[in-house]
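Chains as they are written, first to last, in this note's numbering: chain L, 257 to 360; chain V, 7 to 649; chain R, 23 to 194; chain U, -14 to 476; chain C, 21 to 486.
For the record, the hints were derived by calculation from the structure and aren't laboratory data.
There are no misleading hints in this set.
Not the full set, but computed from the structure, chain R residues with beta-carbon under 7 Å of chain C:
| id | residue |
| --- | --- |
| 1 | 131 |
| 2 | 135 |
| 3 | 159 |
| 4 | 161 |
| 5 | 166 |
| 6 | 167 |
| 7 | 170 |
| 8 | 171 |
| 9 | 173 |
| 10 | 174 |
| 11 | 180 |
| 12 | 181 |
| 13 | 184 |
| 14 | 185 |
We treat Cβ as the ideally placed atom computed from N, Cα and C, and that holds for glycine.
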Amino acid sequence: MMQPGLYHLLFISAALFFIGIYGFFTRRNLITMLMSIELILNSVNLNFIAFNKYLWPHKMDGLFFTVFIIAIAAAEAAVAIAIIINLYRSHNSIDVENAEELKY
Amino acid sequence: MNLGLQIALIPLLPLAGFVLLGLFGRKYLKKSSGIIGTILLLASTVLALYTAYEYFFVYGKVAGAYQKFVPLSYTWLEFSKGVSIDMGILLDPISVMMLVVVTFVSLMVHIYSLGYMKGEERFPTYYSFLGLFTFSMLGLVISSNLFQIYIFWELVGVSSFLLIGYYYNKPSAVAACKKAFIVTRFADLGFLIGILILSYSSGTLDFNTLISTLTSSGTGQAKAVASTFLGASAVTWGAALVFIGGAGKSAMFPLHIWLPDAMEGPTPVSALIHAATMVVAGVFLVARLFPVFSITTPGVLEIVGWVGAISAIIAAIIACTQTDIKRVLAYSTMSQIGFMMFALGVSKYGGEAGLGYTASMFHLFTHAMFKALLFLGAGAVIHYIHSNEMKDMGGLRKYLPITHITFLIACLAIAGVPPFAGFFSKEEILLAAYHNNPAIYWIALFTSGLTAFYMFRLYFSIFWNKEHHPHGEKQSEGGFSMMIPLILLAIGAAAAGFIPFGKYVSTDGTVLESHFDLQFSALPVAVGLAGIFIAMWLYRKESERPGKLTASIYSIYKTAYNKFYIDEIYTFITKKIIFNLIGKPAAWFDKNVVDGLVNLTGKATAEVSEDIKKVQSGKVQQYAIYFLVGVIGLAVLFIYIWK
Amino acid sequence: MNGSDIIFYLLAALTLVCAVLSVSTRQIFRAAIYLLFTLIGIAGIYFWLDYQFIAAVQIVVYVGGIVVLIIFSIFLTQQAGEKLPKQKIGRKIFSALAVFCGFGLTMLQVYQHDFIETENEAITTNVADIGRKMLSTNAEGYALPFEVVSMLLLAAMIGCIVIALKSKPETK
Amino acid sequence: MNLLLLILAPLVTAVAALLARSKWQVRWISFAGSVVQLILAFVLLFAFQNERGTGNATQMLFEQNYNIFPAWNINFHLGVDGISVAMILLTSFVVVAGVLVSWNIEKMTKEFYFLLTLLALGAYGFFISLDLFVLFFFLEIAVIPKYLLIGIWGSGKKEYSANKLALMLMGGSALVLVGILGLYFSSGHSFDLLSLSKMNIAKGTQSIIFPLLFVGFGVFTALFPFHTWVPDGHSSAPTAGSMFLAGISMKLGGYGCLRVATYLLPEGAKEYANIIIILASIAILYGAFATMMQKDLKYINAYSSISHCGFVLLGIGMLTKTAITGAVMQMVSHGLMTALFFAVIGMIYDRTHTRQVSEMSGLMRMMPFISTVFFIVGLCSLGLPGLSGFVAEMTIFMGSWENADMFHRIATIIACMSIVVTAVYILRAIGQVAMGPAKESFLQLTDAKWNERMAAAILVIGILAIGIIPGWLNELLKPASEVIMNKIGAK
Amino acid sequence: MNDLWILMKSELVITLIIFILLFIKLSRGMKNESLLALTQILLLANFIIGFFFNKQGSLFGDMFYTTPLIVLQKNILNLGVYLISLLCSGWLKKTPHLPEFFMLMLSALLGMFFMISSGNLLMFYLSLELASIPVAAMANFDLEKKRSSEGAMKMILSSAFSSGILLFGISLIYGATGTISFAQLSSQLDGSPLQILAFVFLFAAFAFKLSVVPFHLWTADVYEGSPIAATSFLSVISKGAIAFVFISALYRVFQPLQETWYIMLVILAIATMVIGNLFALRQQNIKRFLAFSSIAQVGFILVAISSNDSAGISSVVYFILIYVFSNLAAFGVASVITDQTGKENIDDYKGLYKTNPFLTWILTLALFSLAGIPPTAGFFGKLFLISAGAAKANYGFIIVVVLNLVISLYYYLRIVRAMFMDKNEQPVEKIKVTAAGKFALILCAAGIVLVGLLSWIYDYIVMINK
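Same shape as in the complex, but just chain L (with noise of 0.2 Å):
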């Protein structure tokens, strides 16, 4: 094994990626596709901060952006649990494949 550097660091995130996705895609339950999408963001973050670390360290856009992304990250789970559990209470359930009324 070589010295961890910035290709390591994107394979650990394009891995965290794909497997977020894997998981959006094959995950029934709805709060499990949230934590999915936040495996997907966590692995841009890693990104962000890869390149930021590695090839520009002299400005700071990468670290903010993984910032603002947590941050925005927050705002989406919130909302996206506030509808889950409204979704909950109208259909009793948060299995993604009970809520496919629309269609066609």
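Go by the hints and put chains V, R, U and C onto chain L.
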């Protein structure tokens, strides 16, 4: 009076009658329409006679030959430089002669109809149609332009259509008028294409220019002759096609089938249109273009001759078997026009050789008289007996004395018994044929015998034989108005032969001395008399002889009775081939294939739309999968394929 | 391989393994916990990279906020012990395939790309600097995004309140 | 004369009709409007001839040019030449007749007349615009009113027909649009007809754009095989709708084929002339044969329109001055004739409540006027001299015959053959409908009313005016077709 | 800093309105009617202010920049929001959370404004989120309806997913170029594979928001589930804003990758039009129908965007203006009908003309405008879009485009047919339209007719675009 205007008035007066009676007749002129029409036509007739007098005796002859005059010409529609439809008047012997014939016969018919058509509901309409017809026919004969003649040709056709279909609520009349129009229309197709060819070859539509271009050897003719198609030169095709037009209108074999049916029209109409005037338009057309036919395309002229001869004999044979008197007369007309036609066919251009031409015109003239007379006489009989069938008639000579006498004169004229009109003209025709085409001569001789036979068969069946008619009470013979035309025409039929026709009408305008040869005349007269006697033997008294005779030659009789099945052949072609093999498939193709494709496009779109609705599954995860696949797809596409 | 490297690999392994477990376990509560560990692992990586501020934010916001929120909502909507419904196998295979393709493609491009690691002097990233920049309106400042985010948070708050507050059941 | 009046008159009429209070008002407003349009058309005719008489030989007269959308170089450019004047006259005749014939429409009268007038507006605008964009604008304006007219006031399978019509026409105009854009971008950004005509567009481009434009406009004028909207559309439309459709709308296509496609793209026209001729010949004869088999009067006229419009395309495809003049004459003639035909059919249908030929008989007895008009229009259709059809067809034949090679000859002969087939189906229809024994159940029927008489009379006058004295129309069209032919530069 | 007040005037006014509403909500609150009226007045004022003080300039480094064209774009959106507030007043009056709804809507609008003005990727991302998260909440405003929450769920999850993709793309771009500022980006892009990959990620996110096939699938479900006010906001304002941003991003930032995105746009435009049309053909629900029709419209917008010249920009702006009027008129009518009768199906529109001629005419006009039929403005809008796209003389492409125009006509006419021609046993009863609604509908109708015929409007857009 201005000459152009004077002559223009001849057709325009009947036209005025048509417009006047057509627009206001039904409402305001119900009673007086007949009188109005007749008076207008009388004026026309007087003008025509005056014109004829002036032309033949005052100014027509210049330097020993009758000249062609164009006193009036108005550019009606110009196609391109030099090629235009001009409405004009062409004065030459035949057009002047035709003016006289048409106006005279038409006047007779107008007068006759005053009595014959009395009390008809559509009396004004009838007279307006007569006016239209007379106008068109007159326009036709004075045409100075090939297209002008076509225009009036069509108008004549439509007025014939209207008059045949006058009894519009009779299905047979409707069928007949349709048939007449369509068959002649089919022939006119040939005429039209012929016009196109001739006009393109000669670069003009004007008769005089056209004839001189095509007959005098020069660049025009050379060009017209040079371009060939299927071995024949353009002008040959043109002339032949024009002749088809003429043949259609003149009821030449095999386009004659409409004529007998046309007898569904009122009898005076048959007299006017289908005996005396319109049906000779084809003859007139060939005569009009005679220089082209005889000089440039002698081959076509030969065809003309043969078509005429064949029509003459076929019609005569059929006429012997028919029982409807108007049909007999119709076939007789066809036969006589055949005579005229082959007379042209055996003629040559210029001088003595042009005898056939003169004879043809002469026969046209005399035929108009006696055939109109025959029809009007038949009309009087039908008027009296209310039937067309021979078997309902017989012994009428006592009841219809004037009709009887005039009818007899006409029969003698048509049979070629001297000194009646028909004798002279037919004699000339036979003479011309004898000199130029012996085969046709023998056919014609036989036909003239047949003519005498069937005419007298008719005569004896109507006026002698046994009395059949159911009408017990004695009716009058018909009014004054019906008798006058009969008498006038009888005079014409009896005396017209003595007109020295060759002096006035010849191929090149010069005088053609007619000479009678007693030796030559003997045979035709004998044949004619033989025909008459056979008819007398068979039909003067009621006997079983006709029945036996027909039985002995039954198959021939049957064939002839059924008009050689030509109608059936036509029916087969139209119904089975045109309707079933072309029309129906075309309609089917349109509905199912062309339209089907359009509908298929619509259906396919709807189908696809239905099929792909699964994509919109309502599953948010699937949406995301599509999303990712789309991204990957685009990325691969643009990274690796579309750099 | 030095200690730092080992730490990195350990963190990486923790992160990825927990991530995988988090999307595959059938116990929802465990999934949340695995997520928690993943997030912590990432925070560890941030520490390892010397970005303490971000690491702190990660811990505070994610671990302390979002995950807690998620766990609350799990409690609200589900019995903790209940197993998650199974996904169709076809979907799983297809998803895995798509994801692998995507991953392969991405990594291929990343590895083929020449990232030039700079020798530029890294600027310090202490909290004070970050804070100053966050509120600076200069070219290098982030005041405007900050305001935007605050509007967003306000809006999200309003939205959540409206949606999640139990509204009166409409009887009329 | 100010050409804007031709647009304003129908516009004002349409708005006034919408604002009217009662059906009575709507009718009279529309009628007055249509009469105004007729008068304007005549004023235009005389002004035009006057101007030409004074020796003004400019290609287009009464030009007006307003720059709208300068960014796209779109101008509101108006002007007329002989062809346009003829088409405007035709339109105004048909409009008056259409308004009169629809007098008894009770359902949504206001809307009906509004749409009718809108259609007229589109046609007028189309004929006077010299800017392709504006032309296209008016072309499309004329489509949707047809859809609504058929869909709302129509009969039979009206929805299907209306849809088919709208979609096929829109498809056609879509191709036109592509063609126009092609012209625009290949000519250095100009939509102006006159300046485009002065440009030399590369031959390769022409051979791409020409088919687009020609087929696009061809759909409007029933180019085979894009004609299938015609039978359904016509047969389902209300009387005035059919009249406008066949009398005006189909002419838009012919006019476009000539003025836009052929005139602007002479090379393309030469390249595709033979294909056009083949398609037109097919349409002529095949349309005629298909007509023979129809049983519904409206279908008969619709199919015969396909055949007759084939003549228009044939004339254009022949590329001779005479043939082109003939094509325009045929447009005018067919417009009047077919409008009259539909009017008559409408009148008959209103009384007998059937359009099946076989169910009618002997109408002459009860309705002499209508039957007479039926005769006249039938005879016009089969090309009887003295009526307009003859003049137009003969001009086309004569013009076609000027091409001396075998291909053109055969096409011309095929076209000529249709006169026989036409006679067959027309006489069949006339014989069955007007003639024959009168049916018992029809004995109570009445003849035409004043409005119907007037409508028929107006169109008959138009037909006769061309049929009896064609010279004026010929003189009107000749110079314009000469301009077109000079551009094509052959023969 | 004087410029701040002028350059950011739209954003500031919107923020002000949000806070006014917030204070009203937090204090005693107001009756819905008066609150609505107040909001409408405020929005009108906002719209009017939009016409003044146009200036070009940038703020906060390059994070925020504005030009007269951008101001115009924002004002078109202002107009749209104002119209929505009028058109949907029926539903709005009844909703128990009126101020919240407006606050969310205005926050989203604010997000769009920032998005249009954004000068770097960070601002862009943030404002994009600001423009979409509140909308997701809005979609759930029919709290009692199952469909509403399902729609909202789909919206928030898909948009979170798409922002994940977007962010990944942004991060890669950041890695590859080292900058997130638009101005510097365009000079840094060189078309290397990684950049293309990143660009595709980014593009996909745009495409998602714009509902380009195959990223469009959420659209119809969300539109159908949401309350109609939210739907019209989504379909008109969101679409318009994202289209504005998209075109300026492609032209300004990704110009170096022009060859790539031209082909991409051609492919996606065709796919979008075809799929949108095919789906719209058989829709029953009016909102769903309008969703697919708007997808097809997006296809046409892409056609114009592909032109890569200023004609593309001006025609898109012009089209969006027309689209605002037309689509809002359609939604307005649908909203009135749904509000009064609860009916949303096209079959329910059968025979509408008998009972509600006014609404029918407006809807007809709107549909004709959407279909691009003269003399409505839609004709000009569509035509300019296509003309702009045709500049490359790509005949095959243009033919496909115009044929799609024809297909689209079919389904627009379907509704017209239902209203005018079809018979119905129980047509929608006579509906009384509120004064505000009527006013807005007439305004839309006037807009539909006049924006096309008054050609100076287009000239104005062209002028400020230079």
